[in-house]
Amino acid sequence: MIKKFDKKDEEAGSGSNPFQHLEKSAVLQEARIFNETPINPRRCLHILTKIIYLLNQGEHFGTTEATEAFFAMTRLFQSNDQTLRRMCYLTIKEMANISEDVIIVTSSLTKDMTGKEDVYRGPAIRALCRITDTTMLQAIERYMKQAIVDKVPSVSSSALVSSLHMVKMSYDVVKRWVNEAQEAASSDNIMVQYHALGLLYHLRKNDRLAVTKMLNKFTKSGLKSPFAYCMLIRIASKLLEETEGGHDSPLFDFIESCLRNKHEMVVYEAASAIVHMPNCTARELAPAVSVLQLFCSSPKAALRYAAVRTLNKVAMKHPSAVTACNLDLENLITDSNRSIATLAITTLLKTGSESSVDRLMKQISSFVSEISDEFKVVVVQAISALCQKYPRKHSVMMNFLSNMLRDDGGFEYKRAIVDCIISIIEENPESKETGLAHLCEFIEDCEHTVLATKILHLLGKEGPRTPSPSKYIRFIFNRVVLESEAVRAAAVSALAKFGAQNDDLLPSVLVLMQRCMMDSDDEVRDRATFYMNVLQQKQKALNAAYIFNGLSVSIPGLEKSLHQYTLEPSEKPFDIKTVPLATAPITEQKTEITPVATSKAPEKLAPSRQDIYQEQLSAVPEFQSLGPLFKSSEPVQLTEAETEYVVRCIKHTFAGHIVFQFDCTNTLNDQLLQRVHVQMEPSEAYEVVHHVPAPNLSYNQPGSCYTLVRLPDDDPTAVSCTFSCTMKYLVRDCDPNTGDPDDDGYDDEYVLEDLEVTVADHIQKVLKPNFGAAWEEVGADFEKEETFALASVRTLEEAVSNIISFLGMQPCERSDKVPENKNSHVLFLAGVFRGGYDVLVRARLALADGVTMQVTVRSSDENVVDVILASVG
Amino acid sequence: MSQSFFYERSSSDSSKLSTSTLNTAMDSAALDASLYTVKAVFILDNDGNRLLSKYYDTELYPSMKEQKNFEKNVFNKTHKADNEIAFLEGMTIVYKSSIDLFFYVVGSAQENELMLMAVLNCLFESLNQILRKNVEKRCLLDNMDGAFLVVDEIIDGGVILESDPQQVVEKVNYRTDDNPLSEHSVAQVLQTAKEQIKWSILK
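In the order they appear, the protein sequences are chains P and E. One point on numbering: in full-length UniProt numbering, the residue at position 564 of the first sequence is 564, and numbering is uninterrupted. One point on numbering: in full-length UniProt numbering, the residue at position 82 of the second sequence is 82, and numbering is uninterrupted.
Accuracy of the hints is not assured; some may be wrong.
As a list, the in silico SDA-like pairs of lysine to any residue whose alpha-carbon atoms are at most 25 Å apart [stated by the list, open to error]:
hint, chain 1, residue 1, chain 2, residue 2
1, P, Lys728, P, Pro741
2, P, Lys224, E, Val169
3, E, Lys54, P, Ile98
4, E, Lys54, P, Thr63
5, P, Lys300, E, Ile99
Simulated from the structure, these hints should not be mistaken for laboratory data.
With these hints in hand, go ahead and build the complete structure from the sequences.
Next comes the structure, spelled out in structure tokens:
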């Protein structure tokens, strides 16, 4: 039968495509024979196939021509040719969105769906549901219910799957078919069982009790379909996660029992579910890991891939649990499927010892060019994690990374490498020069503006402090000559930092700046002119303020304040101190590069948490005169977790006031609270000025009330205070079902935990990228020094973290990391005190029995220095 | 007044970019329990041209251009070695080739790879039977209607409808042209008749 084409093949050249030169108009022309009587099934079939093929190739059909062809096609329902009829159903589905009035075929499809020909029934249901809308669905509801419980599996499956598709559109109608779906779930046919389970879960997934019942039923009775088992495992693990069920739960037992299922698919699903569970211990992981280990030697590539990918995930959190598989993983590093080999190597890098690193790196570099960018990023991340684990290996890694940097690759890949090199530089001071050299080489030929500017920024920060800063100047100035505006501007800023730090380079930098002032771009020229003038002053303080340490205000806040200023012009110059500070310092906060990369959605300078609070608070009339919001604290819980009312407090500090925001939730469904406010009794000379109550607090609807407190003017050192808090409100009992409250209520109160205001609430963290320069800038006018003994602290790390959290200031120069095996350390902290005074703290720590700490504080205001020292003491 | 440009656009911009699709896809927790397993299925020829392709997730590659780019990318990364499974653009892709055809089934990164394999195997086996073991481009194109119907029976809107090739073939009930009333077949019938006569005489 196939042979008959041989001759044609020879004529047309083998492999020619009968659909290759199809013309849409010609095919539509041909479609006219649909109207001929009698119908020629073979020719019509061929034409329908051509139409579907064209649609599949992405050919665009206009509404008119599609509708015309569709209506012609409806005539073909008169033919009884099976394949032709089936192709009609396909055409209906394909054209459902492009043709008009597709519902014309409803009656034909309904006839086929309820007819005697079983071959037609299933496909007819699926086609019918594709063109049905909510109103029409009610008309066919009776047929759908019957079809779901039909004894022919294909009919039942088709009805169940179509119902699932329609849940999105008409949940309320499909919901009524739950009983039929329940009946179908006990079918003998494995696919029907699977589809019924899927539909049932989808209808019930918001009702945890119903899901639990369903799980109990099926886990006890057992299922036939491996697909249904996989589904059940997913439902069970999701439920476990939601209920935070322990590993002694019957659901966990069920998942574990699936590890012994006879289908590999189910075994793998169960193993993967266990691995993905949060807080799984090594002992619970063990059975899952051992089945994955078996899969590693499977002849099926997909299974090996699945196993090693899952093991890779285990290795991130529990490297020791995977060590047992090291031998099997070793066998996979030469796997012909490079994805498998890469995953095996990166897993080994996580579990293996330091001695195996060199060998593995060599192995991986032999095929790194063959793998896709996605996996290259995985490799880079493994290296990054490795550098943290074995800092001594950084030279091998650096070498490897620089080779990868030279290869071709997309943006994500290059960015991962650059990030990794930067983190190595930050971790290992001795690798700084090699790392910077590799990066310099990279920006010579870098097409990604973002990376180039990032590297230039780093060069500006680190370069001037290296032994021979002059060698970086050439690389940076080349950028000014060759690159786009953004890179040129970044290069100018970097150059300025060299001039500011190194006096002997200053004359040359000034010459280069002069040339940048001729640039064609405004931003580049502006920067050059500005830096030129600052540098010419040769003043350390100016350099520190304007070149090393940039602005620390929040950018949306600045934008808003400037806008406000232009709206209300005044004689006074714009005061930068009225702008709220940036809450989270943007750079250098990379404490750890975890391999489990946090997924950040691409955000466009989204307003920070504090900007949102500022917005909310300024909407309250009483708070409008307070000025800009200075700092918002983290929420403090004022109640136990499982109480009638849950209250947490956020402290908003302003120049002369504090606003306490109480977020209250009423967890009693038979009460409506009204006029809720929190009474605060200060221990010091703080004055409670005003309450803003929450008008209504109904069941489970969080609401906020505020209390405004004025800080004492006469005693600026009174920064800490304890408040005893009581929530007062009017209770109106209500019907738990309807939520209707009684007419009258009664006053009641609820005692909350005490709330403390500490020195940290008055200080906003600010990152000074160059602490030394900032230290000089503030100057020694109000410097004070004192020595303390921290008797209760045993280690330097503990002392450092205590000081940071107590003062609420930003550690600079990575001084929050105490090098190992040292018995002295210097911690640099920077912040801004309420009122806009810069404050810097240098704490020298020495370890001997306890920790001795010498604290030096500098600030632009004497009171602030006193406040800090007083509170530390 | 010109202080604003001290804000380093370089450093802050880069730290806010999205991380690689791989990490987001590979590391996020187990997926929601759902019947929607298959994101896409397609068959390409040995030049990477699309012969048949269905995308079930409308959010994934909504335009034809994106779909074809994706197929090109997948083809370039997979046609050289028959490796069965790959991970590209945040998707798990299982594939198989036969003579001048490439079959692909695409699922999300968290999807059970073996489920996707079950779909791929079912697709291949069903076509193998319908095409009478001639799984090659020419034969596929001559029976394109059968191929469309097979895919329709295996996956419906991303849900695995059937995974047993035998069932699929029965449901499709497809006959390769048995009674073609063309010149060609008349000649063939004659030829067969001749041969049979010849054989009967020789006996």
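Taking each numbered hint in turn, which are not upheld by the structure, reported in ascending numerical order?
Violated: none.
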